[in-house]
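Chemist: Produce the complete structure using the sequences and hints provided.
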Amino acid sequence: MIHSLFLINSSGDIFLEKHWKSVVSRSVCDYFFEAQERATEAENVPPVIPTPHHYLLSVYRHKIFFVAVIQTEVPPLFVIEFLHRVVDTFQDYFGVCSEPVIKDNVVVVYEVLEEMLDNGFPLATESNILKELIKPPTILRTVVNTITGSTNVGDQLPTGQLSVVPWRRTGVKYTNNEAYFDVIEEIDAIIDKSGSTVTAEIQGVIDACVKLTGMPDLTLSFMNPRLLDDVSFHPCVRFKRWESERILSFIPPDGNFRLLSYHVSAQNLVAIPVYVKHSISFRDSSSLGRFEITVGPKQTMGKAIEGVTVASQMPRGVLNMSLTPSQGTHTFDPVTKMLSWDVGKINPQKLPSLKGTMSLQAGASKPDENPTINLQFKIQQLAISGLKVNRLDMYGEKYKPFKGIKYMTKAGRFQVRT
Amino acid sequence: MSSNSFAYNEQSAGGEATELGQEATSTISPSGAFGLFSSDLKKNEDLKQMLESNKDSAKLDAMKRIVGMIAKGKNASELFPAVVKNVASKNIEIKKLVYVYLVRYAEEQQDLALLSISTFQRALKDPNQLIRASALRVLSSIRVPIIVPIMMLAIKEASADLSPYVRKNAAHAIQKLYSLDPDQKEMLIEVIEKLLKDKSTLVAGSVVMAFEEVCPDRIDLIHKNYRKLCNLLVDVEEWGQVVIIHMLTRYARTQFVSPWKEGDGLEDNEKNFYESDDEQKEKADKRKAYAMDPDHRLLIRNTKPLLQSRNAAVVMAVAQLYWHIAPKSETGVISKSLVRLLRSNREVQYIVLQNIATMSIQRKGMFEPYLKSFYVRSTDPTMIKTLKLEILTNLANEANISTLLREFQTYVKSQDKQFAAATIQTIGRCATNISEVTDTCLNGLVCLLSNRDEIVVAESVVVIKKLLQMQPAQHGEIIKHMAKLLDSITVPVARASILWLIGENCERVPKIAPDVLRKTAKSFTSEDDLVKLQILNLGAKLYLTNSKQTKLLTQYILNLGKYDQNYDIRDRTRFIRQLIVPNEKSGALSKYAKKIFLAQKPAPLLESPFKDRDHFQLGTLSHTLNTKATGYLELSNWPEVAPDPSVRNVEVIELAKEWTPAGKAKKENSVKKFYSESEEEEDSSDSSSDSESGSGSESGELGESGEERDSSEDSSEDSSSGQDSESESESGVQSKRAAKKNSKPKGKSGCEDGEKENEKSKTSESSNAESSSIEESSSDSESESDSESEAESRRVAKVSTPVFVPMKSHVLLHRMSGKGLAASYYFPRQPCIFGDKMVSVQITLNNTTDQKIENIHIGEKKLPMGMQMHVFNPVDSLEPEGSITVSMGIDFCDSTQTASFQLCTKDDCFSVSIQPPVGELLLPVAMSEKDFKKEQGMLTGMNETSAIIVAAPQNFTPSVILQKVVNVANVGAVPSGQDNIQRFAAKTVHSGSLMLVTVELKEGSTAQLIINTEKTVIGSVLLRELKPVLSQG
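Protein chains in written order, with our numbering: chain A, 1 to 418; chain B, 10001 to 11033.
What the hints contain is simulated information worked out from the structure, not anything from laboratory work. Watch out, some of these pointers could steer you wrong.
To be verified - With a Cα cut of at most 27 Å, we get these calculated DSS-like pairs of lysine-lysine:
(1) 10185/B x 10156/B
(2) 135/A x 10064/B
(3) 10090/B x 131/A
(4) 10522/B x 10551/B
(5) 131/A x 10064/B
(6) 10601/B x 10511/B
(7) 193/A x 337/A
(8) 10601/B x 337/A
(9) 63/A x 10072/B
(10) 10055/B x 21/A
(11) 135/A x 10072/B
(12) 10064/B x 18/A
(13) 21/A x 10074/B
(14) 63/A x 10156/B
(15) 10074/B x 18/A
(16) 10466/B x 18/A
(17) 21/A x 10194/B
(18) 398/A x 10930/B
(19) 193/A x 10413/B
(20) 10055/B x 63/A
(21) 10372/B x 18/A
(22) 10085/B x 21/A
(23) 388/A x 10336/B
(24) 193/A x 378/A
(25) 10594/B x 103/A
(26) 135/A x 10055/B
(27) 10156/B x 21/A
(28) 10466/B x 277/A
(29) 10601/B x 10484/B
(30) 10611/B x 10562/B
(31) 298/A x 10372/B
(32) 193/A x 10185/B
(33) 10072/B x 21/A
(34) 21/A x 10125/B
(35) 10930/B x 277/A
Modeler: What follows is the structure in C-alpha cells.
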C-alpha cells in the first residue's frame, strides 16, 4: 500500500520524508513538481499522478502537499482519506498543521506516523488511541519530562484497541462532567443574477465535545428527525437504532469528535437568510466602471447576521478600485484582483453597502462576465433547516452530566452570480 | 507495568558491563560543538559520543536529532553501530527511536543489523503484548534476507498469539516477508489460512490485506470464512472494511450467478429490503428462474449500513460493490451517499466525480435527482469543474436540457477560459445527443462566434464544424459567417476547421469558397501546418468542382506545398497533384478523384471520455488513471452456472445435520467452546437465516397491539444494558453471552436493536448453535408460538439446543450376565422423536460372543404407573464383535423411578432397568434474563430450594460453572448481565414445568445455588446432585 510519504511546502521543498518499506528516492517527487508546474495553481495539481514505477497520490492542505508514493493498485480514496486523517491528527496534536510546527515536532510526527501505518497499511488512526500511545506535547509535559526523564511514549497497548469500542479510552475521569453539542449548518447556494436561487442545500454537522467519566452511553433524539435526508455517522453511533427509531445512541469517544454529518436535500425549500443587491457595470468606451453592492437580511427568523464577509475575484482588466464602505473595512489586491470586504454585523435599519468606481485597463475590452460574489456569514442560535434536538439522556453512569447544545448557521459555498 | 520492568531488568543485566566501561571515556561534549561552523562530520562525532554516554537524556537527545536527520532525508547511516547498541535500552522512547532508525537503515547495513536480532527475539516472548507486537513489527521490517527463517518462525508463533493485536501484526508481517522472499509463499499461505479463521475484528482487515497481496487467486481459502467476514464487516476497523469489501466483490463475481436478468422479481426484493425475511422469500423464489444465493444477499445486506460511514473510502468501496454485484434495481441507494461525498475535500471530490461520471453514462437515472449538486461553482478547481461538466452532459435529457443550457450559458462566460472551452464542447455533445435542442445549441454557438475571447471562438468553431457535419442540412449562413471569421481568428484548429468546412460545402457557397482560397494562398507560408494541410484540401476540392476559377490558385498552392519544410505537407502535395492534375502518368485513380475527395464522410461521434472506463473496477486506481495499474486484479465476469454454494458451509454444521447420535466431532466442538476463546468454529447459515425468518414473520405484526409495543420497549432496554455489559466485559465468553441475550428480544422487536448488536448476536448465535436441525425445529415453534398472545408465554418456553451432550454411558446389561450380549445406554439430549413427553435414550448393543445373536427385542415391561415406553425395532441379528445403536423413548413422568424391562434374544431374556439421572429429565429452554427473573419471582417459597457451596475460586469462573452444570443436567444457559450470577433454565420433559437454576457467587469462595421449580421433588434431587459437583475441585 503506502510506500512513502513526502511533505512538500509551497515553495517546492521536501521538508519531511518517511518510508514504510524500502526507501524510495526523493527524486520521484520530480514528477510531482512537473505536474505542479503544469497546473499553475496548487489547487489544480491532479491528486493522482502516474510515474513510470510509482503512483503519486497527494492532498493539499494548509499550504502543504502530502504526497504518498504507492507502487501497486490500491483504491485511491483509501490513500487520500488516510492522508487527510494524517493532517487531522497533526492538527489534533499540535493545534495547527503548518511547516514550522511539523519541523519543530519532527520526532513526535515521526512517532505518530510510525504508529499510524505498518508496512503501508493503517494500524491506528483513532486519535484517542494514538494519544495513549504517544502523548501530545504540551509545555507542562516537556518540563516534567526533562526533570523526571519520563517520555511521551506509552508502554502499554491502549485498551481501546482491543475492545468493542476502540474509539474510547478506558479509565476516563473528570471532576466536571460535561457534554456539549454544536449543531452547525452550512448553506451551499448559488444565487443567480436576478436574485433567484439556482441551487441551495443545507449541510449540517453535529460536533461534540464530551468530557464524561467512565463509559457513558448517550442517546440523542431530535424533534424532527425526518428532516435529515442523508447522514453519515461516527463509528460509535448504533446504526440499527437510527434506522428504526431515528435516535442517536452511542458510547462517545473522549474529547472532541464529529458525531454526525447530515444533508438536507435540495428538494426541501431552503430559506436563504441574506440577499445581495448589486450593480456592477463596465462601459466599453470609458476606463471607469461603476461598482455597488448592498447586503441585507432576508428570512433570518429574527436572528442577527454576523461575521459577514464578501469576497469577489475581479476580472483581469480591473486595475484598481476606489470604494467607500458604509461599514467595515475593504481591501483590493491589484495583483490577484481579489476584492474582500469585511462587513461585520448587519444592521437591518442601515444596510451595509460598498460603493465606488473601478479603474479599468485603458483600451482593454470590457470583460464579458461580471464577477461572482462569495459570501460568508454566521447566524448564532439558529439551525436554518429547523432541526431541533429533543433530549439527551445518559445511561450507564450514575452522575448527572452538564449538557449543552448550541446551534449555528453559516454560509458554506455561498455564491451570488452578478 | 510490572511485567515490563521485569523484562527490562533482564535485558540490562547483560549491558551493564559495557556501560560501566564507557563511563570512564565518555564525556558529553559542550554545546559549543553544535555551533554553526562545525562540519557535518564533526556533528556526527558528537552524536556518537552522546549515544555512547550513559545518560538516557543524552541518548534521547541524540536519537531525536538523528530522527530529525532521517526526516529531512539526510544520510545518517554512518551512525549505525552507535545506534544499534541502544536497541536494548530501558527507556522506551529511545528504544522506539532506535527502531525507527533500524527500519530505515538495516537494509543498507545488514551485518550490523544482525546484532539487534536477539533483542527482538527476546522481546517476542515479552508478557506485554505491545512489546511483542512492536518487536515483531520491527523484526519483520528490517528487510535482511538472512533472517527470513527467524521471521517465518516469529510469524508462525505470533499468528497463534493470544492477543489479537499481536496476531494483527503477524498478518502485516506476512506481507513484509513475502516481499522480501517470495519463495516463502506456500508457508505463508498456511499462516494466512489460519489467520483467516480468526474471528477477531482486529485481525480480519489485515489478514485479508495479506491475502490480497500474497495469494489473491486462492479464492478457495475464502469459502469457509465468507459468511463470517460478511457478518464481522460492520465491526472491522474502517481501513480493513475497504480491503475486505474489495476482496468480497471479486469473490462474489466468481461465486454467484448474475442478478442482472430481466424479470427477476426485483420489485419484491426492493420492498423487502429492510425486513429481514427475504431469506424466506428467497426459498420460495427458488423455483423461479433466478433466485439470489442467500450468501449473495447476505453480502449486499451487510454492506449497506457502511454507506453511512464517515470514511469516504468505505462509502466508495460499498458503492462499487453495489455497482458490480447488486441487482440493478438496488443500486440506487448508493447515489445519495456518493453525492454526500462531494462536500468533502477536493481530492475526494475528484475521485468520486470520476466514478460518478462512469456510472452516469450507463445509468442516467441514478443521479438525475441530484443534477443540481453537480452545478459548477466559480471557486471549484478546474479539474473538478470539467468533471462536473462531464456528468451534467451525461445526465442531460429532454426534460432538463433547457435548465442545463441556461446554466451552461453562465459557464461559457466564466473567466476561466479553459473551462469555458470545455463548456462549449459540452454544449456540442448535448446538441448531438438530444435532437430537440440541436438547433438551439447551434444558434447559441454561432452567437459565441462573436465572442471576444479567441479560445471561446475557436472552440465554438470546432464544435460547430462537428455539428454541421452531423447535420447535412442547409447551413449556408453559418458557413458564410465563419468564412468571415477567418480574417480575424488566429487559433490554428479553428482556422483548419473553417477551411475544412468550406471545402466540404464548397458547392453550397460557390462565391465565397474561391475567395477564401485566394486569401489563404496569400498567407500560406505563414500558416500553421495543420492549416496548410486544410488549405491543400480546400484547393483540391475546389479544383475538382470549380476548376475554372481556381485552377491557377490551386497550382500555386501546390507549388508552395512542394517546397514546404514539413515532409508531411510535401507528401500531401505530391499526392494531391498526382490525383487531381491530369497528366499522362496519372493512373486509374484520378478518374475517381472527385469521389475520393468529396465522399460523404461519417459524422464524428461526440463521446464521453469516460465511455471506456467501465471495464475497470470502480473505485480503483486503474479506473482513475484509465490504464491498468500494477497489481490490478481483473474483475471476472459472472459465471454461467454458480459454483457449488455448499463450499461456504462450515463443517460442523454438516456433521450435525447428519443426525448422528452425537458423533465424536460434535463432542469435541462443544468442549472446545468452553476452553478456547478464539479458535471456535463459526457460523451456520441455516441457523442464522432461520432466526431471521422468525423475526421477520413477527415484524409483520409489529405495531398491531399495545403489548407488542411493550415488548419492543423491553427489548430496547435490554439491548442498551446489553451494550454496557458488552463493552465492559473482558472475556470473549461473556460478551458473547451478552450478545446472545440480545438476540432473543430482537426476535420480538424486529429490527429495533443497534446494528452492531444485531451483527454480533448473529455471529454468536450461529457459533453457539450446534445442531442446525434442532435449531430449525425450535425456531419453527418460536414463530408459531409468538403469534399467540403473551399470556401464554409460560407454555411458550422455547426449547433450545442442548449446550452440551455428555458422552457418559451407563451399563444396561453386562456381558457376563448377558451371556455375551452387552448393552449400554446414554441420553443424547435430543427431543424424542417418538413423543413429546418422552426422553430419548440410545442403547448400544454389543455382541461379545463368537456367534450371531439373533432377534434382539424388548420383552415384558414392568413400568411404574403412568410411565410409558416406546421400544426399538427388534434387531434381527447381530454379528460377532458387532455393535448396533438403537434409540427408544421413555416417558419417565418426571420422576426418577426405574423403568424395568426385559431385553430378550432368541434364546434368553435378561431383566434390565434404566434409572434416569434427574438432569436428563429436562430439556433446555432459551429465555432472556428478564423473563427468567419474572418466572423466578413466581416460583418462590415452597418452590425454591437452595444450598451454599464452598469451593476453590478457580472453580467459580463462569466457564467452569457452566460446564459443570450442563454436564449434570440438560439445561440452557441464560445470558446474564452480571458477572457473579449465572442462570440456567430448563423444563421437565413430561409436564413442561420450568426448572430454574441460579448460581450466585458470594464473597470468600462460596456460592449460593438456588433452584426454583414447581416439581419440588426433582428440584431437590437436582440440588443434591449439583451440590457435590460444583464444590469439587
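Chemist: Hint by hint, note whether the structure agrees.
Modeler: Taking the hints in turn, this is what the structure says about them:
no.: 1; hint: 10185/B x 10156/B; in the structure: 13 Å, holds
no.: 2; hint: 135/A x 10064/B; in the structure: 16 Å, holds
no.: 3; hint: 10090/B x 131/A; in the structure: 22 Å, holds
no.: 4; hint: 10522/B x 10551/B; in the structure: 15 Å, holds
no.: 5; hint: 131/A x 10064/B; in the structure: 19 Å, holds
no.: 6; hint: 10601/B x 10511/B; in the structure: 23 Å, holds
no.: 7; hint: 193/A x 337/A; in the structure: 21 Å, holds
no.: 8; hint: 10601/B x 337/A; in the structure: 48 Å, violated
no.: 9; hint: 63/A x 10072/B; in the structure: 18 Å, holds
no.: 10; hint: 10055/B x 21/A; in the structure: 32 Å, violated
no.: 11; hint: 135/A x 10072/B; in the structure: 23 Å, holds
no.: 12; hint: 10064/B x 18/A; in the structure: 15 Å, holds
no.: 13; hint: 21/A x 10074/B; in the structure: 17 Å, holds
no.: 14; hint: 63/A x 10156/B; in the structure: 45 Å, violated
no.: 15; hint: 10074/B x 18/A; in the structure: 12 Å, holds
no.: 16; hint: 10466/B x 18/A; in the structure: 51 Å, violated
no.: 17; hint: 21/A x 10194/B; in the structure: 25 Å, holds
no.: 18; hint: 398/A x 10930/B; in the structure: 22 Å, holds
no.: 19; hint: 193/A x 10413/B; in the structure: 13 Å, holds
no.: 20; hint: 10055/B x 63/A; in the structure: 40 Å, violated
no.: 21; hint: 10372/B x 18/A; in the structure: 42 Å, violated
no.: 22; hint: 10085/B x 21/A; in the structure: 23 Å, holds
no.: 23; hint: 388/A x 10336/B; in the structure: 23 Å, holds
no.: 24; hint: 193/A x 378/A; in the structure: 23 Å, holds
no.: 25; hint: 10594/B x 103/A; in the structure: 73 Å, violated
no.: 26; hint: 135/A x 10055/B; in the structure: 23 Å, holds
no.: 27; hint: 10156/B x 21/A; in the structure: 22 Å, holds
no.: 28; hint: 10466/B x 277/A; in the structure: 41 Å, violated
no.: 29; hint: 10601/B x 10484/B; in the structure: 25 Å, holds
no.: 30; hint: 10611/B x 10562/B; in the structure: 41 Å, violated
no.: 31; hint: 298/A x 10372/B; in the structure: 23 Å, holds
no.: 32; hint: 193/A x 10185/B; in the structure: 66 Å, violated
no.: 33; hint: 10072/B x 21/A; in the structure: 17 Å, holds
no.: 34; hint: 21/A x 10125/B; in the structure: 25 Å, holds
no.: 35; hint: 10930/B x 277/A; in the structure: 66 Å, violated
This entry does not satisfy hints 8, 10, 14, 16, 20, 21, 25, 28, 30, 32, 35, going by the numbered hints stated previously.
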